[in-house]
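Given the structure of chain A, go ahead and fit chain B onto it with the hints provided.
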Amino acid sequence: MFLALWYYLHGYVMITVSGFSVERFVNMATFRGIYLWNIQPKGSCVQMNVSTKGYFLLEECAEKTGCQYNIICRCGLPALLKKYKKRKILSLGVLFFVASLYLLSSFVWTVEVEGNERIQKEELFAVCEKMGMAPGKLKWNVNTDNITEILLETFPDISWVSVSIKGTDALIKIVETIPQPEIVDKVTPSDLIAKKDSVIQSITAEAGTPMVQSGDVVKKGELLISGEIIIAAGEEAEVGREYIRARGAILGKVWYTLEEKIALHYEEKKYTGEEKKDKSIQIGDVVLNIIQPNMGESTYDKQKTGGKQFAIGDFKLPVAWVEETYKKYETVQKERTEEEAKREIEQILKQKANEIVEGEIENIDIVYQKQEDSIVAIATITVVEEIGEEQKREQIILQQNEEEL
Amino acid sequence: MLGGGLRRNVVNALELPKEVILNLPLISLTGKEELIIENYKGIIEYGDEVMRVNTGIGVLRIEGKELFLKQLTSECIVVTGKIKGILFLT
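If you're matching them up, the sequences are chains A and B in order. As numbered in the numbering used here, residues 13 to 417 make up the first sequence, in order. As numbered in the numbering used here, residues 18 to 107 make up the second sequence, in order.
This is chain B alone, in the form it adopts within the complex:
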C-alpha cells in the first residue's frame, strides 16, 4: 500500500475528490438544523443531546438539542435538530 503522503500528493496534483480516494468523511451542515455525514463508519453513541459517529479520521462528536436521526444508510447519516457544535475527538 502506498504511503499517505504520496497518495495525498497524487490527489492534489490530479484534483481528485479527496473524500473518495483518501476515505475522508464529507460533512455538510445546513444552518444549525441539518447535518449530513457521508462516508462514515458507524455510530458509537446515540442520544438526544450528544451523538458520536466514527469516521475514517476519528470520532466525530455532535452536540445539540433534540437530535434526531432522520436517515441512516450505509453511505450517509442525516441528523436534524438544534446543532450546537461539531468536534473531532482525536
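Bound conformation, chain A alone:
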C-alpha cells in the first residue's frame, strides 16, 4: 500500500518485455535491486511496472538476456503533472479554487452564543460587532482575548466567558452569575397610600397602623396604612413613636367605564372561493415578482401561504422563495338587529375589560343607547383590586417641612 503510493509519487513506467527468457530478465532485474510489480503475461510477452529509476538500469539486463522491452506508458504523479503542465487554464482554475477556499475561510460567517439565560443574544452580538467580530468580518482581525475582557467589563452578570473561532464559526461561551436576590428594604420607614379612588373592600395590615376601615371611600393618595406606630404603655399613655415600613394588603372596589359603538348596517367580505397563487423570489429586501396573477377589477386579499429560506448548513442565504395566495372576495351589505348588535357588543366589551383590568371583575353593567344607525354601549365595570402603593416616609416628612416653611 505505502510502497505503491511511494512509487506513484515518484512515477513509474509500464513496459512489456518479450523475448526467449523473460524469467531470466526478471531475475536479473530483481537481483540488481530493481523493483518490479504487477507482472502479468500478455500473450507472448509479459507486462510489468518498473520504477523510473530502475527503468534506466533495464537496458543492460535486456542486452544480456536478449529480451526486448517497450514502454506502454509513463504513469504516476510526475507524468500526470507533465501532462497538465500544458493546460494553463486548468492550473489557473486549481489556483483560483485554492485561493477562493482560503479567502472564504478567512471570514467569520456565524456567531453563536452558548449558556446565556438572562443576557440577550443581541446585546452580546452588538458588543462583539463593535469589537470587530460579526458575520462577514475578517477573522484575522478578531482579537478573542480582547473581546473576552470587554465582555466581562460590559456585562457584570457574566462570571466566565470564552470566545473561540473554529473555522468560520465564532462561539461565545458564557456562564452567568447567580441572580442577585431582591433586597427588601425593611428599615426605611414608609406608608401605604391609595393608588386610585376607591371603596375599601378589605384591609389587612402586616406591619403598621391601619388608617381606614372596610367600606370607607378613599381618594387617590390617601393614607391607608401608616408606618407610624404609637407605643403605648397601658391605656392611652403614649410612651414613644416608632417608624417602620408599612406592609399589608388593601383590596378596593374601583369602577371603570368603557364605551363601544357598533353599526347596524355593515359591510362584510365574502370569499368567492376563487384563488390564485403567486410565486416570487426575494433577494435581500428586493422582491422579484416576474409573473403576477391577473386579478382584473375584483377585490382580493393577499395571504402568505408558503415559502422557503435557502440556507447552506446553518448559514441562511439572503435568498427566499415566497408563495402568496390571492383570495377573491365580494363586499356584501349586511344588517343586524338590535338584539344581535347588543349581544356582539357585550362580547367585545367583556374581552376588552379582561385586557385592561388587573384585578378581579366583580360586575359589568352595560347601558345601551340607539344612535341613528348604530348602538352605543357604555359599560361600568366594577373591579376589586389591590390599591396599596408604597410611599417613603422621608418624603412625607420633607413635604411637611416644606409646608411649614
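Derived from the structure by calculation, the hints contain no laboratory data. Just to be clear, a hint being listed does not mean it is correct.
Pairs of lysine-lysine, DSS-like flavour, derived with a Cα cap of 27 angstroms [to be verified]:
no., chain 1, residue 1, chain 2, residue 2
1, B, LYS87, A, LYS65
2, B, LYS99, A, LYS54
3, A, LYS54, B, LYS82
Structure of chain B alone, referenced to chain A:
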C-alpha cells in the same frame, strides 16, 4: 563451514529463526488467493497457470489459474490468483 547437522542443532537449541540461519524459504499462504515467498533465489518459469521458483532447498512449483506476480523484490515474491497447489520438485 560447519556441517548442516550442527547448525540445525544450534538453531534448535537457541530457538533462532530457521529461515535466516538455515537459508530456508518462508512461504505464507492466505487462503487460495495470495502466496508470499520470502528468501527465494529466482524465477525459473513464469506463466498463467504454472510458476516455478528456485529456493534454497529446491524448486517450488506453484499451480493455479490466472496467476499474477503482484510484487517482485530481491527479498520476496507476492503471487496472487487462484492457487491450486504448491509442490517441491526435489
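Okay, the hints, checked on the actual structure:
For the proposed pair B/LYS87 and A/LYS65, the alpha carbon gap of about 19 angstroms is at most 27 angstroms, so the pair holds. Proximity of B/LYS99 to A/LYS54 is assessed by CA-CA distance (about 18 angstroms); at most 27 angstroms being required, the pair is judged to hold. Between A/LYS54 and B/LYS82 the CA atoms are separated by roughly 14 angstroms; this keeps the pair inside 27 angstroms, and the hint holds.
In this structure, every one of the numbered hints holds.
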